[in-house]
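**Q** As they're listed, the protein sequences go chains B and F. Going by the numbering used here, the first residue of the first sequence is number 1, and it counts up by one from there. Going by the numbering used here, the first residue of the second sequence is number 1, and it counts up by one from there.
Treat the hints as calculated values from the structure; they're not laboratory data. Keep in mind that the hints are not guaranteed to be accurate.
Far from chain B, by Cβ distances over 10 Å, these chain F residues were calculated [stated by the list, open to error]:
| # | residue |
| --- | --- |
| 1 | D7 |
| 2 | L131 |
| 3 | G150 |
| 4 | V163 |
| 5 | R296 |
| 6 | L311 |
Chain B regions said to be covered by chain F (calculated; three or more residues, Cβ under 8 Å) [as the list claims (entries may be wrong)]:
| # | region |
| --- | --- |
| 7 | 22-32 |
| 8 | 44-57 |
Straight-line alpha carbon distances no greater than 27 Å define the calculated BS3-like cross-link-like pairs of lysine-lysine that follow [stated by the list, open to error]:
| # | chain 1 | residue 1 | chain 2 | residue 2 |
| --- | --- | --- | --- | --- |
| 9 | F | K170 | F | K351 |
| 10 | B | K15 | F | K38 |
| 11 | F | K138 | F | K38 |
| 12 | F | K351 | F | K395 |
| 13 | F | K395 | F | K436 |
| 14 | F | K294 | B | K15 |
As the structure is a prediction and not an experimental result, all values here were calculated from the model. Where a beta carbon is used, it is the ideal one built from N, C-alpha and C, also for glycine.
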Amino acid sequence: MEAHLDAKLATLISKPDPEPHIVVQAELCLACEERPCTIVCPANLYWWTGDQMVHNCEGCLECGSCRAVCPHGAITWRYPRGGYGVRYRWG
Amino acid sequence: MAEHVHDCIVVGAGPAGAAAALQLARDGLDVVVFERGKRPGEKNVMSGVLLTRKLHSLVPDFRQRAPLQRCITEEIICILGQDEALRLPALRNYRRLSYDHQAFTVFRSEFDAWFAQQAVEAGAELIPATLVEDLIWKNGCVAGVHTRRGDLRARVVIGADGVNSTVAEKSGLRSPPQPAEVSLIVRQILDLPSEQIEERFALQPGEGVILQFGGLVSGPPPVPPNPSTSSGHRLGGLGGQGAYYTELYTNRDSLSLTAEAPLDVLQACGVPAYDVLAARERHPYIARLIQGAKLREYQAHLIPWGGVDDLSCLYGNGVLLAGDAGKFTTEDGVGSWPAMASGVAAARAVKHACEKGDFSQATLAAYRDFLDEEGLIETQREARQAWQHEGWYHKIRRRYPDHLLRIARRYFDDWLMEEAEHPYSPWGELYHGLIKPVAPWYVRWPLGLATWVDTRRWRRHQARK
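Here chain B stands alone, though its shape is the one from the complex (with noise of 0.2 Å):
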């Protein structure tokens, strides 16, 4: 019942848009303390690696919290080209 996150992102279809929809400015987040959008991202996409940032563009779920949250705005997001990205069959 109770499915762990990626078993609950297994459960997407998504077709990733070859040309990277997240741009990250990973120099920015050097200096960032609190790292918002590791706490956001509903799809977990954003992780700390204890010197770096790092962010995968696949299994974005197109909410925007990122961009949102990011107070140094480090994060250019915009949407998947028309046809990529997720497709929620169950809306």
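Got chain B sorted already, so can you dock chain F onto it with the hints?
**A** Relative to the frame of chain B, chain F by itself:
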């Protein structure tokens, strides 16, 4: 040959865009709708209930034709404690099945596709799988849109492209959403056969319920608040606890379980939304309701709330904003009927401008009047007010669950409580827990005095025993 100029381009085929396109097509205008999904609705998520107030006036026979799940006949509110649940009085109203403006659970992937189809049948042109990336300007006026598949020109553009609206940002009407203005909703669809749903919730086929859960979810100690971010001072230290809305809806053969919180609250609490959802799933009250259900899909979306400060940011030269792009949600965060109503208002403003032959901001300001007719100016104002008092509401939401559960424990004679020392009489508890934090002084003083007298009498009575 001169490039063809359409009357109107609608960006986004959600409820706002489709309603605008439907209205424009019915008025005989030449309208094109862009949708970034391959099919309208496949990018859209909402908590699950569609209020059909506006839909009923657009498509009166929608009940026979639209893909609906269940008609909501009951709303239940529950306060969840660590391992207890307090169910507040709920009203089940079977007459709702015969109302004109019923509330239905729907899947947006099905509903939006159907609704956009209504616009297409009325004469609108739908271009799916195409992302609008920029606007085309001509003499300081929006004159069309730019996509990877080419440019398209129109006399006016309606931006109905949701909370992360490209049209709103590129036209300079609104900036990207701030954490305090949006809430993140995560949702999962759980498969459960319809007979089991009807048995568990005591429903007939076609009837459905909403369960709303309040209460706190604990998390790890929060990150020390940074005074430079808005969350720091707006809500104060949260101590790793946050009030989240959780909701459970019944669909035909599945349940939707959602958790929702403003982004700045999530950020201040330091608990990811999926952990909140998982904590809710484990709560015994919910766990028993969703027992045996299999996960079908996991979703996330941002919901704007709090309205706009200044309504003039909803229209510019050759451009209008409708739906989530214009933050049309009620104070409770309901966006379905405001989206449709704002779409219709935008369509009327476009028709008005077409008749005048002028698409400047001054002419499109008629949008305000049409919004007022739909009751949306009032909605925006109420939403804004609620948002401005959010710090206060948040305090209440954090305190009330505890108080209510304490009072309920005394009222229902929980045997664990018999040993405990009570500071107040049962009435006093009610006053101190519920009334004192919110009441103005002229209520607080007399009731406070009465409570003091009552508590004294109660103490004396206890001592005699």
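**Q** Regarding the assertion that F:R296 does not contact chain B, is the least Cβ-Cβ distance greater than 10 Å?
**A** 6 Å, violated
**Q** Taken at face value, is the distance from the CA of F:K395 to the CA of F:K351 at most 27 Å?
**A** 46 Å, violated
**Q** Over 10 Å from every CB of chain B: does F:G150 meet that, or does the non-interface label fail?
**A** 12 Å, holds
**Q** Against chain B, does F:D7 hold up as non-interface, every C-beta pair farther apart than 10 Å?
**A** 23 Å, holds
**Q** Per the coverage rule (Cβ-Cβ under 8 Å, at least three residues), is the region 44-57 of chain B covered by chain F?
**A** violated (count 1)
**Q** Between the alpha carbons of F:K395 and F:K436, is the straight-line distance 27 Å or under?
**A** 13 Å, holds
**Q** The output says F:L131 does not contact chain B. Does that hold with a beta carbon cutoff of 10 Å?
**A** The claim is violated: F:L131 sits with its nearest Cβ about 4 Å from chain B, within 10 Å.
**Q** Grab the minimum beta-carbon distance between F:L311 and chain B and tell me whether it stays above 10 Å.
**A** 22 Å, holds
**Q** Are there three or more residues in the region 22-32 of chain B whose C-beta lies within less than 8 Å of some C-beta in chain F?
**A** violated (count 0)
**Q** Going straight from one Cα to the other, do B:K15 and F:K38 come out at no more than 27 Å?
**A** 12 Å, holds
**Q** Need the status of pair F:K170, F:K351: alpha-carbon distance at most 27 Å?
**A** 23 Å, holds
**Q** Quick one, are F:K138 and F:K38 close enough, alpha carbons at most 27 Å?
**A** 30 Å, violated
In this structure, the hints that do not hold are numbers 2, 4, 5, 7, 8, 11, 12, in rising order.
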